[in-house]
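Asks: Work the whole structure out from these sequences, hints included.
Listed in order, the protein sequences are those of chains Y and H. To convert, take the position in the first sequence, counting from 1, and add 1; that gives this note's numbering. To convert, take the position in the second sequence, counting from 1, and add 652; that gives this note's numbering.
Honestly, the hints are just simulated from the structure, not real lab data. All residues carry an ideal CB built from backbone N, CA and C; glycine is no exception. Careful: at least some of the hints might be erroneous.
So, partial list: chain H residues that the calculated Cβ filter (under 10 Å) puts toward chain Y [claimed, not checked]: (1) N814; (2) P949; (3) N991; (4) D996; (5) D1033; (6) A1065; (7) V1082; (8) A1085.
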Amino acid sequence: MARCCNDFSRTDALRRAVAEAGRGLPAIEPGMPIPAGTGLTRRSFVARSAGLALAVYGGGALLPRALEEGIAAAEAAGPQRVLVSVFLDGGADSLSMLYPSGDPLYRKLRPKLALPESSGLAFAEDDRLRWHPSLAALAQLHGEGKTSVLPGVGYTGADQSHFTSRHYWEVGATSERITTGWLGRYLDRVGSPDNPLQGLSLESRLQPALATARMPVSSIDGPDRYDFWTRGVWGEVERRMLDAVGSLGRLPTGGDPALAQATGTARQAARLREQLLPFVPKNDKSPGFTSPVPYPDTGDDDFPRRLAGLAAMLAGGLPIRAVALNAPGMYDTHDDQPGELAAGLKLTAESLLAFQRDLEARGLADRVLVHIWSEFGRRAKENGSNGTDHGAAGTGFLIGSRVRGKMIGEFPGLATLDKDGNLRATSDFRGLYSALLEDWLGTDAEAIIPGAKRFARPAILR
Amino acid sequence: MKEMPAAVYKGPFAREQAERLLWRAGFGPRRGEAEALAKLGLDGAVRKLTRPRAERFVGAAPHDDKGRALAPTDAGGHDHIWWLDRMVRTSRPLVERLTLVWHDWFATSLAGVGSQKLMLNQNKLLRSRSLGSFETMLRDISRDPAMLLWLSGTENTKWSPNENYARELMELFTLGAGSGYSERDVREQARALTGFDSDWRRGVGPHNFRFEPKRHDSGTKRIFGRTGTFNWEDAVRLCLRHPAHPRFFVQKLWGYFVPTALDGSTRRSLESLYRRDLQIRPVVEAILRHPALYTGPRMVKPPVVYTAGLLRGMGRGIDTTSWAWISGMAGQRLFMPPNVAGWDDERWLDTATFRGRWTTANQAARAFSVTDKQAGSISGDPQKLVAAAIAFWGSPTIRPHTRDALLEFARRAMQDANQSWKRKSYPVLVTNALRQLVAVSPDLQTS
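Replies: Below, the structure is given as structure tokens:
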């Protein structure tokens, strides 16, 4: 191989060789640099909490220091419980997710949209209700005692603006002024200053519920996609360049908030890159991770893949505490509700069922709880565009091996709608958050949810 | 009531100030543009932006990766790069920047409209009204086909009112949440806004958008405490005459140009300028002349502004469609805002969008990346390597601390060159790495 060889062909050769581990490497001129993140030996270690082998490519010196530290810290603290927050964006229709099939009022308010009596499975805890046919996967988990339903969750005097109501849910209070998310404040209280993975937004953008005041949090599309390739840079110069990103992240900012944001992001990106190095595929053919169970195969929606990546990261022992992501689908169904709603709910429910099975297969199911929410439900009366307008109380779910599996609050019914014709709340989201903080995450809710004392805590765990 | 005029910046107006103005009111300077603008002084520079001559396009026409002309109304992603090209090549950067502001203000998404042609028609509307009357703009946007599809306007009939547009008209476009309207006003406005219709035909999609009197609810409505048989034009006018509107308008517009809160006296001055006849230009001029823009803190550049600015600085045109998906990674795919509230300007930067910006910088520079073939012409002196990497992007202002960090990287990397092949190759690798580091530095992410 000539000294002036194209750096891509060398990188490719190395990456191919690693994929064919054990078969030896092509001859490389002594002194030639190795592309960062590519190692010559294959080393595996067992993430003790998971009992599952995670392959890490790289010699001891190349094993990311941060990963070891992160795992060490997480192990020292004992396996952390994880809360996964899944958002149905737009205000999902309660009266479709669990519908009062036999109620004549339902047929009257929803002459076009009412779901057929026979199409959905019966809901065992309230014989007035049936599951939306697209939520069969959730009904299955409910049958196993692994899903709790909140059939009327919200707050009194519901704001019908998407942005205001969503903000209330994200900050955990009916206040416009709070700028940190409720999970962000939890992380500010229990998190660590050098672990961006503790709060993980599985999105291309930060989920506001995770917005912290002090601690770093991260957002990624998937653990296997966090690389920083640069044309014409490799080897030790590439490693120095990536270190320099961290240096740019430590530059003084003179108190300028935008500069502080830019440097902070560079610092966190540099750290996160180290943490996720084991998940970045070594070539086009080798996946960054594999899953023990099948997930729904979708064309262009990343939701199942993100959950699969999350399970792999947890199995790898990465120190993750709170996760937030959007469910697939569009729930602001002012027009043409049936098709849009069914597609979104189906992919959401089937992906979450696969995620639960994945966690069970990996022995992680006792550590993870999923919360599904939306900013409000929809108006009881349909609007005539084959859709529904904004409403008040919505439907939420908790999923996990440890959840109690019993309804939280009751179905509010159609006979007692509020003055705007919306469902009334029978449980308060701040009470739910307080219970999640205290019973699941083991921290003081009063330090996180303003006025937490005022809200009754539902029993959420078995 | 007579208000004092808003404060005007009185400090030096040199290259640095002109550079900031070009970033805030446009997409950053081309080579030499900041110096030329600085010579005009503050007033001359602001007028050049707000009262531009006829539009010219500078540089080569855009094309896709195979050299073909763009098909912005048809081909996926071409809508994005068609507009990005205007941002890069226009001689009227403020008009283009304001078009982006109005796209965010009246955030309409291709995801709900389903027609690039209708999205581009709306884009043309926003551009043509960008510095004119907000009343005309709001009237036009209220019957714009893309908006009628996006917020259910053509679904809103007297038999079954749909509140979608009525609510956002008040909450996001004119008054602000919780500003002097009730749920009843939302319902009554929805009735006033009934009557729009369109046809649909296979192969054509929605077309023939029109007002259809028989679909309109001509009954009496009560809106903001007034009673009348209001129609869509009244709905628009009632919002614009609502006492909460001027304040909402100037505060929201200010926020696109200046990151600090609008103080009470400036706000009142801007409101008074705006109230005269609801014109946009005088308010923008007052904001661009205000001291807070020049002496206040920096702003994070929106992703497309960052991208267009890199291309303007290096003098590269649009020659790839990759910008559409890369911009999406950085958090801003044009014509696809996340929702009707637009993009969140407080949260452009996180670890995912940082990687998008990294990819942006790599995409911009990779066509020019140097190889061992050029090794003979590149000096190994760290100082010179850093200076050349900054010049590559059109010589943006870099703070001394940042320059020191770049220099430190170059020095260490060159110290590693302890073999003959490394001494030859490392200036090449370091050149490519420094270009990348300059582009992702906090200095270039903000203005």
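Asks: Hint by hint, note whether the structure agrees.
Replies: Now for the hints, and whether the structure bears them out:
1. N814: Status holds, d = 5 Å.
2. P949: With a minimum Cβ separation of about 5 Å from chain Y (threshold 10 Å), the hint on P949 of chain H holds.
3. N991: holds (7 Å)
4. D996: At about 8 Å, which falls below the 10 Å cut-off, the nearest Cβ of chain Y leaves the hint on D996 of chain H intact, so it holds.
5. D1033: violated (16 Å)
6. A1065: holds (5 Å)
7. V1082: Check passed: Cβ of V1082 of chain H comes within 6 Å of chain Y, closer than 10 Å.
8. A1085: A1085 of chain H check passes; min Cβ-Cβ to chain Y is 4 Å, inside 10 Å.
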